[in-house]
Structure formats: C-alpha cells, structure tokens
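Listed here are the chains, written in short residue letters.
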Amino acid sequence: MPKKTAYTAKIEYLQILDENGKLDERLARGTLKDDEVIFLYEQMTISRHYDEIAFKLQRSGRMGTYPQNKGQEAGPAGAGYAIRQHNPEAWLVPCYRENLALFLNGLPMEKILLHWMGDERGNQIPDGVNILPISIPIGTHPLHAAGLAWAGKYRGEDRVAITFFGDGATSEGDVHEALNFASALKLPVIFFCQNNRWAISVPSSIQTGSETFAQKGLAYGMPCFQIDGNDIFASYKVVKDAINRAVKENQPTFIESLTYRLGDHTTADDARRYRDPEEVEAWVGRDPLIRTRKYLESKDLWSESKQKELEAKAKEVVDAVVKKAEGIDKPTTDDIFDYTFAELNGQLIEQKQTLRTSSLGTHPQQEGLQTHA
Amino acid sequence: MANLTLVQAINLALTQEMEADSRVILLGEDVGKNGGVFRVTEGLQARFGADRVVDTPLAESGIMGSAIGLAMGGLRPVPEIQFEGFLGPAYDQLTNHAARYRTRSRGAVTIPMTVRVPVGGGIHAPELHSDSPEAIYAHTPGLKVVMPSTPYDAKGMLISAIRDPDPVIYFEPKRIYRAFREEVPEDEYTVPIGKAKIVEEGTDLTVISWGATVLQCIEAMDNLPEDLSIELIDMRTIYPIDVDTIVESVSKTGRCVIVHEAPRTCGFGAELATLIQEHCFLHLEAPVQRVAGFDTVMPYYKLELDYLPDAKRIAAGVMECAAY
Ligand SMILES: Cc1ncc(C[n+]2csc(CCOP(=O)(O)OP(=O)(O)O)c2C)c(N)n1
Ligand SMILES: [Mg+2]
Chain A
1 MPKKTAYTAK
11 IEYLQILDEN
21 GKLDERLARG
31 TLKDDEVIFL
41 YEQMTISRHY
51 DEIAFKLQRS
61 GRMGTYPQNK
71 GQEAGPAGAG
81 YAIRQHNPEA
91 WLVPCYRENL
101 ALFLNGLPME
111 KILLHWMGDE
121 RGNQIPDGVN
131 ILPISIPIGT
141 HPLHAAGLAW
151 AGKYRGEDRV
161 AITFFGDGAT
171 SEGDVHEALN
181 FASALKLPVI
191 FFCQNNRWAI
201 SVPSSIQTGS
211 ETFAQKGLAY
221 GMPCFQIDGN
231 DIFASYKVVK
241 DAINRAVKEN
251 QPTFIESLTY
261 RLGDHTTADD
271 ARRYRDPEEV
281 EAWVGRDPLI
291 RTRKYLESKD
301 LWSESKQKEL
311 EAKAKEVVDA
321 VVKKAEGIDK
331 PTTDDIFDYT
341 FAELNGQLIE
351 QKQTLRTSSL
361 GTHPQQEGLQ
371 THA
Chain B
1001 MANLTLVQAI
1011 NLALTQEMEA
1021 DSRVILLGED
1031 VGKNGGVFRV
1041 TEGLQARFGA
1051 DRVVDTPLAE
1061 SGIMGSAIGL
1071 AMGGLRPVPE
1081 IQFEGFLGPA
1091 YDQLTNHAAR
1101 YRTRSRGAVT
1111 IPMTVRVPVG
1121 GGIHAPELHS
1131 DSPEAIYAHT
1141 PGLKVVMPST
1151 PYDAKGMLIS
1161 AIRDPDPVIY
1171 FEPKRIYRAF
1181 REEVPEDEYT
1191 VPIGKAKIVE
1201 EGTDLTVISW
1211 GATVLQCIEA
1221 MDNLPEDLSI
1231 ELIDMRTIYP
1241 IDVDTIVESV
1251 SKTGRCVIVH
1261 EAPRTCGFGA
1271 ELATLIQEHC
1281 FLHLEAPVQR
1291 VAGFDTVMPY
1301 YKLELDYLPD
1311 AKRIAAGVME
1321 CAAY
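Protein chains in written order, with the working numbering: chain A, 1 to 373; chain B, 1001 to 1324.
It is possible that part of the hints are untrue.
Unchecked claim - The list that follows gives simulated cross-link-like pairs (lysine to aspartate or glutamate, DMTMM-like), each with its CA atoms no further than 25 Å apart:
hint, chain 1, residue 1, chain 2, residue 2
1, B, LYS1033, A, ASP276
2, A, LYS56, B, GLU1304
3, A, LYS324, B, GLU1304
4, B, LYS1033, A, GLU211
5, A, LYS313, A, GLU42
6, A, LYS315, A, ASP287
7, A, LYS330, B, ASP1306
8, B, LYS1302, A, GLU350
9, A, LYS306, A, ASP127
10, B, LYS1302, A, GLU309
11, A, LYS56, A, GLU309
12, B, LYS1302, A, GLU52
13, A, LYS294, A, ASP35
No lab work stands behind these hints, which were simulated from the structure alone.
The task is simple: from the sequences and hints, build the whole structure.
Here it is in structure tokens:
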C-alpha cells in the first residue's frame, strides 16, 4: 500500500483534583496521602505569602524587579515534592517561577530574595543542594539539564535532572536541542513546561501553531503529558512516573503543566495593558490554594483555626527570611572579581586592588590622585 | 520642534520611517500590543497594524534569522532584541549570516536591516540586562554599530540606519532613555553613520566616549579645574570609526582619555588608543588613558555602580592624564 498512516499520536490530559476541590479517588491512588496534602498546602501558602512580601519589598524600594509565582504554586509543589521523595539527589534546573520546587529541595529561602535584591550571593547554592541558579536567559538552561543527566548516567547514578521553563521558552532553539539530545542519547531528564498562557505580553496563541505544548516532545520521541498545573496530585503523579521511567529506562519525559500567571510578568510589567481582566478573573477561581483547601475541608482535615495558625506561621517564616536577606551586608567590590576564574590573573588582580584605591583600575602607585569609587 | 526624550525620539523616527516606506516593518518580543518593554514601540501596532509591528515567538535566533530573510525579500526590517544580553542566542545569525551575505554573494545579496537593542548598565536590572558588547560587533566585519546618546542624534541616526543598505546594530543606552529631553525637529532628517560629534570644544585634553557615559563625562567636566580646557567627543558611531575627528582633536590637545562601560581589555577604547598612537604619536604628551569597566562579568546591581565609570572616576582619569 503506497499510502498509510506513518504515525499517530495523542496527548493525555491529567487532572486529579478539580477546581472545586473534588478528588478523583481512582486516579489519586498511590499519590499523595492526607498528611502530605496538608504539608504541601502549608508550603504553598508560605510560598504565596513570600511572593506577596517580595512584591511589597519591590514596591517600597527594598528590592529590584521580582517575578511573582502567584497562581502557579501547585505544579512546582507536586513536582518538587516528587523529586524530594523519589529522587532526592536529582538536579533541579529552574527559571524563576518555581520557587517552591526549589525550597522543597533545600534551597534556603533567602537566596531567591537575595538574587532579586541584586546580590549574586543569592546564586551561591549551598553544598549538597543540587539546584542551579535561576536562569535569566529564557530557554537556555534545559540543555544543562541534559548534560547533568548525561553525567549521572555516565557515572551509573540513578539520578535524574528536572528542568522548569515557560511556554515562551519552548520557542527558543536551545529547548529543542535539549529535547533532541535527551531523547537521542537516552538521558534521564524531565522537562517541566509551565504553560501559564503568557510570555510577558505574548499569548501562547502567538507563541506556537501547535494545539498543545505537550506535543512538542512527541516530535523528539518521548512520552508527553498535559496536566492541570494547579493540581498538586496531577503534578506529583506525572513527575513521580517520569522519575521511574528516567531511572529505569533512561527515558526523558515532557510535561506541559497548564496554569496561569495571576500577577504581572514581573514588578516592572503592567499586565492590564494586554490582558483581559475577565480572563484573569476566571483563573482566580482555579487558584491552586483554594481548591486544595476545599479538598482538605471536605475531608475534615482543615478548619478556620488551622488556617489562622498557618497564616501566622507563614508570616513568621517569611519575616525571618526577609530579615536574613536584608541583614546580609552589601558585598564588597572584591566580589566583582573573585569568581572570574579559579585563580585571578595579573590584570584582574591589579584591577581588583586598584578599584578600591583608584578611579581607573590602574596605576596603584598614583593613589594620591584617586578618589574612592 | 518638540521636546523629546530618547525613547520618544526613537518612536518618532520609527513612526516617520514607517509612514514614508511600507517596506519598513518591526518585529520582536513584546513590541506590538505592549509597545516593547521600554515602550519604545508604543502605539505603533495600533497605528500600523499587526502585519507591520509583529509580536514574534520568544526566539532571538528566529527574530534575527527571519529578519535577514525579510531583508533579502525586499523589506526593511527593524528587529528588536529585548536586551543586549539576548543577542547571545542571535549571535550566529547576526555575525555569520547578516554580516557576511554581501561579501559571500559578492554583492548579489544584501541585508538592509536595523537591529535595535537596548544596551548598558545603571538601571538596576537582573543579569544579562546590563552589558556593553559593542566591541564584539565592531570586531565583526560587515556590521555597522551605532550608539546615539541624545534624542536629536537618536532620531537622525535611526533614520540613517533604516535607510542604510547594510545591517546596522542600533544600540540604545537604556539608562538615559528618559534621562533628559531635547528639542527634536518634527521633520525627518538624518545624522550620518560614521561621524562623531564634538560635544564641547577644548584645547588641553580630549575625552572620548559614547552612549550613557557621555553624560557621566559631562558631569565630570563640571567638577574639573576651570583652566583645564576639555574637548569632549561623542563617538555616536562605533563602526565605521570616525578617525578624522579623533585625530584632529588629539593632535591639537596631545592628551586623551577614553571612557566606556564595557570591560577594559579589548574594549573599543583599545582600538581608539591604537589609532591615536598610529596617527598622533608625535603630538602625544601623555599615554592615552582608559576609564572603563573591568575584565569581569557585569555584576548584579548592588555592585553595578562600583563597576560603571562615574563622574568621579572619569575626573580622576582626566586629572591623571593632565598631570602626566
Ligand atoms: C533569551 C531571552 N530572551 C528574552 C528574555 C526577556 N524575557 C524575560 S521573561 C520573558 C518571557 C518568558 O515567558 P515564558 O517562557 O512563558 O515564562 P513566564 O515568564 O511566563 O513564566 C522574556 C521575553 C530573556 N530573559 N531571555
Ligand atoms: Mg509563560
């Protein structure tokens, strides 16, 4: 037969907890236990408060530009928790809208604030925490996840790499090279795409001609899923399964996590310029925190007093984090130079020494003429 | 005449060139409905339509590469790269293709496009939003590189760039997008590419700069001894280099300080210093000084003002050169 179907495909969509807090018991089997749901609800609430405080810090001039995570907590919560439980040695290769996944895996919370306060020590990840600094250049870091996963495979470790990126990022060529490498070289990578419908002012309809983002992984020959990204159960399950495939079969997975950015792109942005307020309103109703709380309430696991306690705790935690971040002295000018190489060469040493004494970064012997920079 | 900021002057030039020539189209991330993240293209999509002011997918190589195709196809594309750091993903298209097509086709294929790129530090932005990579592109044969520092020049040079038959990188010093206003003629006019401007005439020492640091130089001059007569030159164009203006000035003054934000080593100042010693050797009274950034990664904003040359450092450099 000269004419046949060479390939067909479909994309599965997974939602376990719906927006009214109703759980699909069958699909939920083997996922999160009640105490875990409570834990993640608490973590999401703390993360939401963190976000609100970060926003206020920016508005009051105590911090630079900040990208809010508001509304997108569940995807990173479920994914981050799956990693923590099932592959704690995994590498996390993030951008900036999955703070909670990082916190759940050991990133000290003040690091993210420090970063957005313009202090590079916010990127200095402590030993033993397998997280890369948040990637500012969009869509360039998934290749690093491929490399990290490759290194783990080479060494015979059962260690995956998970990388987070947005819908916009899927337009960058590097993302496609990462997908192709992961698949062609059989690397244990999990691609977690947070489709929040917008890339700054550009809606996903302008970003791609594809019906879903999930199907982009299909072209590279890996399992692809679309999930309700505001559902911690779905996110947890799909990442847990992906870890299994990665560890057992060295197979990468592409996950499209459908969610929505409830805030502006960053504090420098004004989404009212390009977004319909009705669209935002509709998504407010799908808030991951609300549905998780509803679920807990429906099972008599939550109460108004517990909520009050949690809110007080969130405030306490975040206050302490802010205090820590703001309590760190401004870096000295040495910090500009010290990490350029393992060992500084002569010119850098001279520039470093003279920055403190000279206006020019040269001629230290003429110190008398110089002003303090 | 209208009293405009740099941003407004660029917007006006784009508007007028689009009015005058239907081949001119804009493309880039967030340039349409949002008017660009700096609002440089504000109102242009509403005025000219989404076919001529195009919100593209988030892909700099895609923007640059397809702009090359648009240019070959008879249009005059003006792609925007949102920040200079994101020229990275577009580097291959820009340097290996846009810059080389004319040469490799022996003139049969040309790329009349103007790449608009906000550049430089000083706005408290995250990493890769504050770099000064002009020397990299000046070092790429086949590219013209400009960086106006005033609203008047911004308008005139953008019009020149759009009408230029070859690829031009039009760097916009973002720190001074709204720093001051200037009278800008309503009518279209051009400011030539490749021509520096003497901002202030003087006889004792030449200060050369471009972009946002020109303003720092002006500030520095306010604090220098009155009997020191400084000639301040704004390069405006990085490449092609206006050798004549520099040589004439330094031959007269015998002393020169070059100021730039970019790292010192292999910065564009190094090329200027070499040209000066080649052409003005017998006139020189002092080594050419550079007041520049350092050979490091541009630091995050807590330290960016320590990194960037400011009026104090520039004044000290001038005094050191004058005292030599
Ligand atoms: C390579 C690169 N190009 C452009 C930018 C500017 N920029 C920052 S965030 C962003 C949109 C990102 O959209 P998406 O990937 O959907 O992530 P989201 O912000 O929606 O989470 C753009 C264009 C950048 N940081 N890096
Ligand atoms: Mg997005």
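Against the structure, the hints:
1. For the hint pairing LYS1033 (chain B) with ASP276 (chain A), the CA-to-CA distance comes to about 13 Å; that is within 25 Å, so the pair holds.
2. For the proposed pair LYS56 (chain A) and GLU1304 (chain B), the alpha carbon gap of about 23 Å is at most 25 Å, so the pair holds.
3. A threshold of 25 Å between alpha carbons decides the hint, and for LYS324 (chain A) with GLU1304 (chain B) the separation of about 22 Å falls inside it, so the pair holds.
4. Proximity of LYS1033 (chain B) to GLU211 (chain A) is assessed by CA-CA distance (about 23 Å); at most 25 Å being required, the pair is judged to hold.
5. Restraint check for LYS313 (chain A) and GLU42 (chain A): satisfied, since their Cα atoms lie roughly 9 Å apart, inside the 25 Å limit.
6. Between LYS315 (chain A) and ASP287 (chain A) the alpha-carbon distance is near 20 Å, which keeps this suggested pair within the 25 Å criterion.
7. The hinted pair formed by LYS330 (chain A) and ASP1306 (chain B) meets the criterion: a straight-line CA distance of about 12 Å does not exceed 25 Å.
8. In summary, the hint linking LYS1302 (chain B) to GLU350 (chain A) is supported, as the alpha carbons are separated by about 22 Å, within the 25 Å threshold.
9. For a cut-off of 25 Å, the pair hint linking LYS306 (chain A) to ASP127 (chain A) is broken: about 35 Å separates their Cα positions.
10. Our distance criterion of 25 Å between C-alpha atoms is broken by LYS1302 (chain B) and GLU309 (chain A), whose separation comes to about 36 Å.
11. This hinted pair checks out: LYS56 (chain A) and GLU309 (chain A) have alpha carbons roughly 22 Å apart, not beyond 25 Å.
12. Only pairs whose Cα atoms come within 25 Å are accepted, and LYS1302 (chain B) paired with GLU52 (chain A) is accepted, the gap being roughly 22 Å.
13. Of the pairs offered as hints, the one joining LYS294 (chain A) and ASP35 (chain A) holds, with about 15 Å between alpha carbons and a cut-off of 25 Å not exceeded.
Checked against the numbered hints given earlier, the structure breaks hints 9 and 10 and satisfies all the rest.
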